[in-house]
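Q: Chain residues, written in single-letter form:
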Amino acid sequence: MRDVAVVSYACSNVARDASHNETEMIVPVLHEAIEKSGLAHDDIGFVCSGSLDYLQGGPFAFVAGLDAVGAWPPVRESHVEMDAAWALYEAWVAIQTGEVDSALVYGFGKSSPGDLHEIMALQLDPYYLLPLWPSMVDVAALQACAYLEANDATERNLAEVSARSQRNARENPNALRKGDVTAEEILQQPVTHRPLRDADIFPITDGSAAVVLAAGDVARRVSKRPAWIRGIEHRMEAHGLGVRDLTRSESTRAAGAAAGVAPGNVDVAELHAQFSHEELILAEALGLDGATTNINPSGGALAANAVMSAGLVRIGEVARRITNGEADRGVAHATSGPALQQNLVCVMEGE
Amino acid sequence: MTDVFTAHHVIEYPGGYTRSVGPVIGRFLTGLRDGRLLAVRLDDGRVLVPPTEYDPTTSAAVAPDGDHWVEVGPRGTVQSFTWVSHPRPGKHLLDTPFAFALIRPDGADTAILHVVDCGSADAIRVGSRVAPRWRAERTGSITDIEAWTPLGDGEEPEPATLHVPAEDEQPVTGITVPIRLEYELTAGIATTRYLKGLGEGKIIGGRAPSSDEVYAASRGTDPKSGEPTSVEVEVRDTGVITTFCVVNVPGLSELAPEIPYVSAQILLDGANNTFFGLIRGCPVDEVHMGQRVRAHWADELKPDHTSIQWFEPTGEPDASYEIYKDYL
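So the protein sequences, as listed, match chains W and X.
Each residue of the first sequence is one higher than the last, beginning at 1111 in the working numbering.
Each residue of the second sequence is one higher than the last, beginning at 856 in the working numbering.
Just chain X, with the same shape it has in the complex (with noise of 0.2 Å):
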C-alpha cells in the first residue's frame, strides 16, 4: 500500500512548561540571577554544582540553606566536549555553532554541563580555561549564563551586571521553558482505509477472517484475538446510543460546539464496536440509552473526521437492551 495517510504534528506546551523548582535548586537559579555561581559541600568534602537536594552518593539531604554553601568559579576547565555544528534553532542558545562541554568550575569537584562560544572546534580542548558570559537580563534560569567563553592566560572573567534586585523580589521558586517537538506520523493502513471511506462518505471497518466481529475504524487488529482486520467491510451510518454525557465544560476543544452538548458511545449497525459521535437534532435532556441515531454528514467529504458531523435521532423505536448490553 503506497498512498498511506501521513500527519504533521507538533506537540507544545504554549508559554512553555512550568516547574517549581523547590529551595534548593531556586537557590543555585538566584544565585545565577544574582550573577553568582552556587554550590554546596557535601558531607564528603566535595563540592557539588549545580546543587541537588540530595547527595548524589549517599541520597543524604542537601539543606538549602547553611554554611555549606560555596561560591565556585566563575573561571572553570573543561573536562569534555563536543561540538554542535548546526544549532537547533529555538532550542539552542546560540545560532552559530559552539561546543557543549562539561566544565568544572574552580573550587568545586564536579562539572556542569553548559554551551561554550569559542568559535571553532580547534579553539576548545579537555583543560581549556573557560569563564561564564552573563546575560544582562537574568530570570533565575540556567540560560542566565548565554555560553562560557575561552579565557587567555591570566585574562580576567569578565563580571556579571550587577543585578539590581526590585523591592519586592523574591528567590527564584520556578522556571518555564519552552517544549515543542515535531512529528510526521503514519495513520497505518487500516486507519488510512477509515479515512478514505470517510471521503466517499462511507465508514470503513474490518474484521479478521477467523472472527465474525467488525471494528468501525479499526487501528487493524481484532482487539480481542489480536489477529490484523483485513477484511474490509462497510457498516451502516445508523446505529444505537449505548452510553452518552451531557457536556457542560465550554471550550474542551476547538471542534466542540456551544454547551451544553451530547457526547455519545453509538453501536453502528454491523459493527462490534462502539463509535464515539456528538448527538444533535434533540434536545439534551431527551438523549437516551437505547436511542436510533444516524449520522449527519457534512456537505463536503473529506477524507477526515470532519465529515461526519454529528449523529441525530431516527425517529425510530428504541432497542432492546439485549442488543447493546455487550458494549457498555
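The following block holds chain W by itself, in its conformation from the complex (with noise of 0.2 Å):
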C-alpha cells in the first residue's frame, strides 16, 4: 500500500445561492484547494467529482463541472454519481495503482432549487417504494422510530444531538445552523416528522468542496504536517428498508473494522449524520463514545449538508484537524442511499 494523505481541504456552503450556476459556484472552492495544497494546477495527476444530475435536472450535468477545474490539455478524470466522499475512494485507488501521485476530488450541489426531500424518493426501489412517493425524511424518520423504540430511546437523545451540533457550529463559518441552544429549547419545537423535528433534519444547503490527496514523499514535500490515510473502505447493505434492521448499521460496524478504526484512540469523528439519530447509530457502530472521542466538532451534516460534497466535507475537517495539530488520530464516515444503506469509513492519522 502507499501512503496518501490529504494535503489540502477547501469547503463552502449557503442555504441558497440563487446567483451562480453550479460551475461558477465551484470555481472559488476548487481554486483554493489547489493553491493551498501547494501543488501546481498541471501536476495533479487525476481529477474526481461527485454530484447528481438530478439536483438540477439535467442529464450529465456533472459535466459542466469539469469547466471550473481546466481540463485542456486533456486531463485524467472521473465521476461518480454519489458523495464526493467515494470520488475520493476512486482517485485514493487511482494512486495506489502507482499511476498518479495526486488527485483532485471535488463534489458539489444544489439542494434549493428543487424539492430535494422528493427528489430523493428517485433513489428508492421503484417498484415497491417510488410508487408511494415516500420522502427522504420520511424514510429517516421510520429510521428514527424504530431506533428509538428498539433502544428505549427518546425524543430528548435526538434533541441532545443536535443542540450540540448547533453549539459546536457556532465557530464553523461553513455552517448554516448553528447557536447557544439546548436539547430543552429543541424539544419545545414542534415535531414535524415524528418522532423528527426541524433540528433533527439537515439544513438545505448549496455548496461544494474539494480534498487534494498527494502520495507519500509529494504529500511530506507540500505539508508541513500531512493527514495520512490508514484505512478506507465502504460496505453496502440491503436496499430494501424492512430487509434490514434499521436499528443499527452493520456496513457501518464493518466498513469502520476493515478501515482500522480499532484500536487506538480517535480524537476526533466527523460522522455524515444527516438526522440526528443517525448519529447515534453511527457512533455506535463505530465504536465511539463523546467522552473520549469529540464527534462532530464541525456541527456535522446537521449544520450544513451540501448533498454530495457533505461526506467529503466530514473527511476534510478531520485532515483539516490533524493538520493543523488538534487531532492525532480520526476517524470520517459517509453515507449514501436511504436509511444509511452504504457507508465509507476512512481513518486518519499524523505523524
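No lab work stands behind these hints: they were computed from the structure.
None of the values given here were measured: they were computed from a predicted structure.
Among these hints, one or two may not hold up.
Once the Cα atoms are required to be at most 20 Å apart in a straight line, the calculated SDA-like pairs of lysine to any residue come out as [what the hints assert, rightly or not]: (1) Lys1180/X / Phe1099/X; (2) Lys1079/X / Gly1397/W; (3) Lys1079/X / Glu1187/W; (4) Lys1051/X / Ser1129/W; (5) Lys1079/X / Gly1155/W; (6) Lys946/X / Val1332/W; (7) Lys1146/W / Ser1080/X; (8) Lys1051/X / Asp1211/W; (9) Lys1079/X / Leu1232/W; (10) Lys1288/W / Gln1298/W; (11) Lys1180/X / Pro1183/W; (12) Lys1079/X / Val1185/W; (13) Lys1051/X / Met1144/X; (14) Lys1334/W / Val1185/W; (15) Lys946/X / Leu1232/W; (16) Lys946/X / Pro1184/W; (17) Lys1079/X / Ser1129/W; (18) Lys1079/X / Pro1138/W; (19) Lys1157/X / Phe860/X; (20) Lys1051/X / Thr1093/X; (21) Lys1334/W / Asp1113/W; (22) Lys946/X / Gly870/X; (23) Lys946/X / Lys1051/X; (24) Lys1334/W / Asp1211/W; (25) Lys1079/X / Leu1240/W; (26) Lys1079/X / Ser1188/W; (27) Lys946/X / Tyr1237/W; (28) Lys1079/X / Leu1176/W; (29) Lys1079/X / Glu1068/X; (30) Lys1180/X / Met1144/X; (31) Lys1079/X / Lys1334/W.
Both chains come to you apart, so use the hints to assemble them.
A: Written out as C-alpha cells, the structure is:
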C-alpha cells in the first residue's frame, strides 16, 4: 500500500445560491483547494468528482463542472454519481495503482432549486417504494422511530445530538444552523416528521467542497503535517427497508472494522449524520464514545449538508484538525442511499 | 449581481415512466391484482415480502414459481411509523394526513413500507394491528392497496373485492409510474449576461484576465484553465461554419423547422469557441464547411435563444481551413 494523505481542503456552503450556476459556484472552492495544496494545477495527476444530475434536473449536468477544473490539455478524470467521499475513494485507488501521485477530488450540489426531499425518493426501489413517494425525511423518520423503540430512547436523546451540533457549529464559517441552544429548547419545537423535529433534520444547503490527495514524498513536500489515510473502506447493505435491521448500521460497523478504527484513540470523528438519530446509530457502530472522542466538532451534517459534498467535508474536517495539530488520529464517515444504506469510513493519522 | 435570471423547469415523463417488472415482482403484483399478498420462503426459512429476485442476505436467486411461494397477511403489525401532515398532491395516495409505516404482515419475517390511514398521529403506534384497504379496480401495482387501516381486537379485515379476470388476462409484466419534478434554476452570472445581450441584439462572451481566448455564451469559466471569464467581450454575429449536419428527422423539438434543415457549429468572429445555430437562406446541399454566415435576428428581441432565429450565408469567400481547423 502507498501512503496517501489529504494535503488540502476547502469548502463553501450557503442556504441558497441564487446568483451562480454550479460551475460558477465551485470555481472558488477548487481554486482554494489547489492553491492550499502547494501543488501546481498541472501537476495534479487525477481529477474525480461526485454530483447528482437530478439536483439540477439535467442529464450529464456534472460535465459542466469540469469547466471549473481546467481540462485542457486533457486531464485524467472520473466522476461518481455519489457523494464525493466515494470520488475520494476512487482517487485513493488511482494513487494506489502507482499511475498518479496526486488527485483533486471535489463534490458539489445545490439542493435549493428542486424539492430535495422528494427528489431523493427517486433513489428508492422503483417498483415497491417510488410509487408511494416517501420523502427522504419520511424514510429517515421510519429509522428514527425504529431506533428509539428498540433502544428505549426518547426524543430527548435526539435533541441532545442536535443541540450539541448547533453549539459546535458556532465556530464553523461553513455551518448554516448554529447557535447556543439546549436540548430543552429544541424539545419545545414542534415535531414535524414524527419523531423528528426540524432541528433533527439537516438544513437545505447549496455548496461544494474539494480535497487534494498526495502520495508519500509529494505529500511530505507540500504539507508540514499531512493527514495520512490509514484505512478507507465502504460497505453497503440491502436496499429494502423492511429487510434491514434499521436500529443499527451493520455496514458502518463492517467498514469501520475493515478500515481499522480500532484499536487506538480516536481524537476526533466527523460522522455524516443527516438526522440526529443517525449520529447515535453511527457512533455505536464505530464504537465511538463522546467522552473520549470529539464527535462532529464542525457541527456535522446537521449544521450544513450540501448533498454530494457533505461526506467529503467530513474527511476534510478531520484532515484539517490533524494537519493543524488539534488531533493525532481521527475517523471520517460518509453515507449514501436511503436510511444509511451505504457507508464509507476513513481513518486518518498525523505523524 | 442581483438580477440573475431564473427559470422554472419541469421534468416529467408524459404518461409515466414505464418499467418491466420481471417474473418475481410480476408475480407479487399479479397477487395484488387478485387481492392477495404473496411472499417467498428463502433458503434460511425466512419469509420475504415484498419478494425480490434475490435473497437479500445471500444474493441467491429466487425462482418465480415453486412451492416456496406462500400467502401472508392480510393482517399485519406496524414496526415503525412516521406521520405525514402535509400530503403531496399528485404523489401521495391519500390527500388527508396519514402515516408511512413499515408493516410486517402475519406470516412474514420482513416488513413492507406502505401508507396507513388512521386519521391522526395518535391513532398509530409500534405494534398497531392493521389490514389492507384494497382498491376495487386493481391493476397490479403496489398502489392496488390504497392504504392500510387499523384493526380492532378480533376485527376481521375487509376482504378484497373479487377480481374477475378478463378472458385473455396475462400476469403483470410492467408498471407505469408518473414522475414530475419541478425546479427553480439559476442561470448564473455569465449566462445571464449573455442572455441579456441577446435581448439587445448582441452576442456577449467572456474571457479570463489571464487569457486572450474569448468564449461566446460563456458559462462562467475558461474551460481550458478553469479561470473565471470575468472580462466581458462582445463578439460579432458573423462567423464560419466549422461543421454541420443535415437533419432529416422530423419533430426533434417544438422549435425545430420543417425537415430537411441544417444544424451547424459556427466559429463567430472574435470568439474562440463554436456556437450552435440553424442554417437557412440557401439549399441544404449548398451548406459547407468554411462557409461565411451571419445571424438573422428576430424582429422582436428577447433575452433568450429566440432572438437569433438562424444564420444565413453572407456570400463572402469561404474561410480557409487554417482558420477553423482547431475548432472541429
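Q: Each of the hints needs a verdict: does it hold here or not?
A: Status of the hints after comparison with the structure:
Distance check on the hinted pair: lysine 1180/X and phenylalanine 1099/X sit about 14 Å apart at the alpha-carbon level, within 20 Å; holds. Restraint check for lysine 1079/X and glycine 1397/W: not satisfied, since their Cα atoms lie roughly 47 Å apart, outside the 20 Å limit. This hinted pair checks out: lysine 1079/X and glutamate 1187/W have alpha carbons roughly 14 Å apart, not beyond 20 Å. Between lysine 1051/X and serine 1129/W the CA atoms are separated by roughly 15 Å; this keeps the pair inside 20 Å, and the hint holds.
The straight-line distance between the Cα atoms of lysine 1079/X and glycine 1155/W is roughly 16 Å, inside the 20 Å bound, and the hint therefore holds. Between lysine 946/X and valine 1332/W the CA atoms are separated by roughly 53 Å; this puts the pair beyond 20 Å, and the hint is violated. For the proposed pair lysine 1146/W and serine 1080/X, the alpha carbon gap of about 18 Å is at most 20 Å, so the pair holds. At roughly 45 Å between alpha-carbon atoms, lysine 1051/X and aspartate 1211/W are farther apart than 20 Å, so this suggested pair is violated.
In summary, the hint linking lysine 1079/X to leucine 1232/W is not supported, as the alpha carbons are separated by about 35 Å, beyond the 20 Å threshold. As the CA atoms of lysine 1288/W and glutamine 1298/W are separated by approximately 17 Å, the hinted pair is consistent with the 20 Å bound. Restraint check for lysine 1180/X and proline 1183/W: the C-alpha separation of about 17 Å stays at or below 20 Å, so the hint holds. The straight-line distance between the Cα atoms of lysine 1079/X and valine 1185/W is roughly 10 Å, inside the 20 Å bound, and the hint therefore holds.
A hinted pair counts as satisfied when its Cα atoms are at most 20 Å apart, and lysine 1051/X with methionine 1144/X does not qualify at roughly 30 Å. Taking the CA atoms of lysine 1334/W and valine 1185/W, the gap is near 28 Å; set against the 20 Å cutoff, the hint is violated. Between lysine 946/X and leucine 1232/W the alpha-carbon distance is near 12 Å, which keeps this suggested pair within the 20 Å criterion. For the hint pairing lysine 946/X with proline 1184/W, the CA-to-CA distance comes to about 44 Å; that exceeds 20 Å, so the pair is violated.
For a cut-off of 20 Å, the pair hint linking lysine 1079/X to serine 1129/W is broken: about 23 Å separates their Cα positions. Between the alpha carbons of lysine 1079/X and proline 1138/W the distance comes to roughly 16 Å, so the proposed pair stays at or under 20 Å and holds. Taking the CA atoms of lysine 1157/X and phenylalanine 860/X, the gap is about 13 Å. The hint holds against a cut of 20 Å. A threshold of 20 Å between alpha carbons decides the hint, and for lysine 1051/X with threonine 1093/X the separation of about 19 Å falls inside it, so the pair holds.
A threshold of 20 Å between alpha carbons decides the hint, and for lysine 1334/W with aspartate 1113/W the separation of about 15 Å falls inside it, so the pair holds. A distance of roughly 14 Å separates the Cα atoms of lysine 946/X and glycine 870/X; the hinted pair therefore holds under the 20 Å criterion. Among the hinted pairs, lysine 946/X with lysine 1051/X is inconsistent with the structure: their alpha-carbon atoms are about 37 Å apart, more than 20 Å. Taking the CA atoms of lysine 1334/W and aspartate 1211/W, the gap is about 18 Å. The hint holds against a cut of 20 Å.
Distance restraint check for lysine 1079/X and leucine 1240/W: the Cα-Cα separation of roughly 41 Å exceeds the 20 Å cut-off, and the hinted pair is therefore not satisfied. In summary, the hint linking lysine 1079/X to serine 1188/W is supported, as the alpha carbons are separated by about 17 Å, within the 20 Å threshold. This hinted pair checks out: lysine 946/X and tyrosine 1237/W have alpha carbons roughly 15 Å apart, not beyond 20 Å. Of the pairs offered as hints, the one joining lysine 1079/X and leucine 1176/W holds, with about 9 Å between alpha carbons and a cut-off of 20 Å not exceeded.
Our distance criterion of 20 Å between C-alpha atoms is met by lysine 1079/X and glutamate 1068/X, whose separation comes to about 10 Å. Between the alpha carbons of lysine 1180/X and methionine 1144/X the distance comes to roughly 10 Å, so the proposed pair stays at or under 20 Å and holds. The suggested pairing of lysine 1079/X with lysine 1334/W is violated, with an alpha-carbon distance near 31 Å, which exceeds 20 Å.
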